[in-house]
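For chain C, the structure is supplied; the task is to place chains V, E, R and H on it using the hints.
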Amino acid sequence: MEIGIVVGRLTATRKDENLVGTKLLITQPIDVDGSHRSHPIVTVDTVGAGVGEKVIYVLGSTATNATPKKNAPIDAAIVGIIDSIDC
Amino acid sequence: MEIGIVVGRLTATRKDENLVGTKLLITQPIDVDGSHRSHPIVTVDTVGAGVGEKVIYVLGSTATNATPKKNAPIDAAIVGIIDSIDC
Amino acid sequence: MEIGIVVGRLTATRKDENLVGTKLLITQPIDVDGSHRSHPIVTVDTVGAGVGEKVIYVLGSTATNATPKKNAPIDAAIVGIIDSIDC
Amino acid sequence: MEIGIVVGRLTATRKDENLVGTKLLITQPIDVDGSHRSHPIVTVDTVGAGVGEKVIYVLGSTATNATPKKNAPIDAAIVGIIDSIDC
Amino acid sequence: MEIGIVVGRLTATRKDENLVGTKLLITQPIDVDGSHRSHPIVTVDTVGAGVGEKVIYVLGSTATNATPKKNAPIDAAIVGIIDSIDC
Numbered sequence: 001m002e003i004g005i006v007v008g009r010l011t012a013t014r015k016d017e018n019l020v021g022t023k024l025l026i027t028q029p030i031d032v033d034g035s036h037r038s039h040p041i042v043t044v045d046t047v048g049a050g051v052g053e054k055v056i057y058v059l060g061s062t063a064t065n066a067t068p069k070k071n072a073p074i075d076a077a078i079v080g081i082i083d084s085i086d087c
Numbered sequence: 001m002e003i004g005i006v007v008g009r010l011t012a013t014r015k016d017e018n019l020v021g022t023k024l025l026i027t028q029p030i031d032v033d034g035s036h037r038s039h040p041i042v043t044v045d046t047v048g049a050g051v052g053e054k055v056i057y058v059l060g061s062t063a064t065n066a067t068p069k070k071n072a073p074i075d076a077a078i079v080g081i082i083d084s085i086d087c
Numbered sequence: 001m002e003i004g005i006v007v008g009r010l011t012a013t014r015k016d017e018n019l020v021g022t023k024l025l026i027t028q029p030i031d032v033d034g035s036h037r038s039h040p041i042v043t044v045d046t047v048g049a050g051v052g053e054k055v056i057y058v059l060g061s062t063a064t065n066a067t068p069k070k071n072a073p074i075d076a077a078i079v080g081i082i083d084s085i086d087c
Numbered sequence: 001m002e003i004g005i006v007v008g009r010l011t012a013t014r015k016d017e018n019l020v021g022t023k024l025l026i027t028q029p030i031d032v033d034g035s036h037r038s039h040p041i042v043t044v045d046t047v048g049a050g051v052g053e054k055v056i057y058v059l060g061s062t063a064t065n066a067t068p069k070k071n072a073p074i075d076a077a078i079v080g081i082i083d084s085i086d087c
Numbered sequence: 001m002e003i004g005i006v007v008g009r010l011t012a013t014r015k016d017e018n019l020v021g022t023k024l025l026i027t028q029p030i031d032v033d034g035s036h037r038s039h040p041i042v043t044v045d046t047v048g049a050g051v052g053e054k055v056i057y058v059l060g061s062t063a064t065n066a067t068p069k070k071n072a073p074i075d076a077a078i079v080g081i082i083d084s085i086d087c
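Protein chains in written order, with the numbering used here: chain C, 1 to 87; chain V, 1 to 87; chain E, 1 to 87; chain R, 1 to 87; chain H, 1 to 87.
Chain C on its own, in the form it takes in the complex (with noise of 0.2 Å):
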């Protein structure tokens, strides 16, 4: 999984049906100290996080695990709400 931090969000009313009832937010990828790499992504929130919160998530087919519409076209999603990283 990456970690990242939540930078905004995004509608769009012209959707794919199981993508209706999603939070779409967009998250800036980060490294362990804080700084961007990389280019922010469209994630689907399932933990309630907001914009300026630091969470891990995760890409793939496996995102699809991570919200109630198993079938949903969903590639990246985040997961968890990041209390500490120690390195």
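No lab work stands behind these hints, which were simulated from the structure alone. Be aware that one or more of the hints could be misleading.
[Said to hold, decoys possible] Straight line, CA to CA, 25 Å or less: simulated DSS-like cross-link-like pairs of lysine-lysine: (1) 23/V / 54/V; (2) 69/H / 69/R; (3) 54/H / 23/H; (4) 69/C / 70/R; (5) 70/V / 70/C; (6) 70/V / 70/H; (7) 70/V / 70/E; (8) 70/R / 70/C; (9) 69/E / 70/H.
[Unchecked claim] Some but not every residue of chain V turned toward chain E, in silico, with C-beta under 7 Å: (10) 11; (11) 26; (12) 30; (13) 33; (14) 60; (15) 71; (16) 74; (17) 75.
Predicted model only: the values in this text are computed from it and were never measured. Idealized CB from N, CA, C, for every residue including glycine.
Frame of chain C, contents of chains V, E, R and H only:
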């Protein structure tokens, strides 16, 4: 999922039978500020997107979840047309 | 999916039994303007592509959807021969 | 699979229910000569690895094969502690 | 699939039970001209490859298709020993 902008269309008469009837659009990955990144890819359109529209697309095996033919050889599908990005 | 051009062919007598009988082509990823990017990969041909032809190829587990042997160890398959790209 | 070194630990109280009880370690990808490459990721530990140990980790959906909860939203798991690399 | 050259071997006594009995080889990705690219990875050998041999390897979940244990945590497997590359 990723953010992109539809920049064109692709046609291929000789193709896998499970791609017959699908609309193949060329999507350019973009950052949240609209700047281009990486390279254009071929995406199956499932929400009626058109050239110039900003979209969300899913990558990998769950892209097949966005299409009626679940056993199609698809790894990228447009799943939403973006209304707004608040960052 | 990605755009590529077939640049060669690969033979391997000692291979996984589920690859026996498959045609293994070397495909060079290209951008929409035809310029080369990344590095050549090994793709299973499923639509009768030949050297010099511009093709669409799929990556990852759904590549097996393009072949008769669904449990073959395949992660890249040519799924269409490009007629035109309108960008 | 990839080679890495465990560099830390991550805690997240608010997380997906299928991640409850899993040990989340920060793993730094390394080359065969031990030099760091890419960025640290979050891995589920399944073999009792500790900080400072060189490990093998698997990426993608098969990472769930390493854990008891097959429908957990996991895309990276430590699956071995390295004894030796002979190159 | 990708082209590589076997450059070594890895041993790990403490590992996932489904990796017990598998032969773990270090494979260096190469371009069609033999030049090294990217970084060495850990691959499961399924065709009897040896150090110095040019091989084809598959990445991702379909790598498990190359092994007897379909629920093994594997994301890279050697699936062929190259005879020739004609580019």
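Hints, one by one, checked against the model:
1. 23/V / 54/V: holds, 17 Å
2. 69/H / 69/R: holds, 18 Å
3. 54/H / 23/H: Holds, at roughly 17 Å.
4. 69/C / 70/R: holds, 16 Å
5. 70/V / 70/C: holds, 13 Å
6. 70/V / 70/H: holds, 22 Å
7. 70/V / 70/E: Status holds; Cα separation ~13 Å.
8. 70/R / 70/C: OK: residue 70/R and residue 70/C at ~13 Å, within 25 Å.
9. 69/E / 70/H: holds, 15 Å
10. 11: With Cβ-Cβ at 5 Å, under 7 Å, it holds.
11. 26: holds, 6 Å
12. 30: Cβ of residue 30/V sits 15 Å from chain E, so the hint is violated.
13. 33: Hint violated; residue 33/V Cβ to chain E Cβ min 22 Å, cut 7 Å.
14. 60: At about 5 Å, which falls below the 7 Å cut-off, the nearest Cβ of chain E leaves the hint on residue 60/V intact, so it holds.
15. 71: Constraint on residue 71/V satisfied, holds at 5 Å.
16. 74: holds, 6 Å
17. 75: holds, 5 Å
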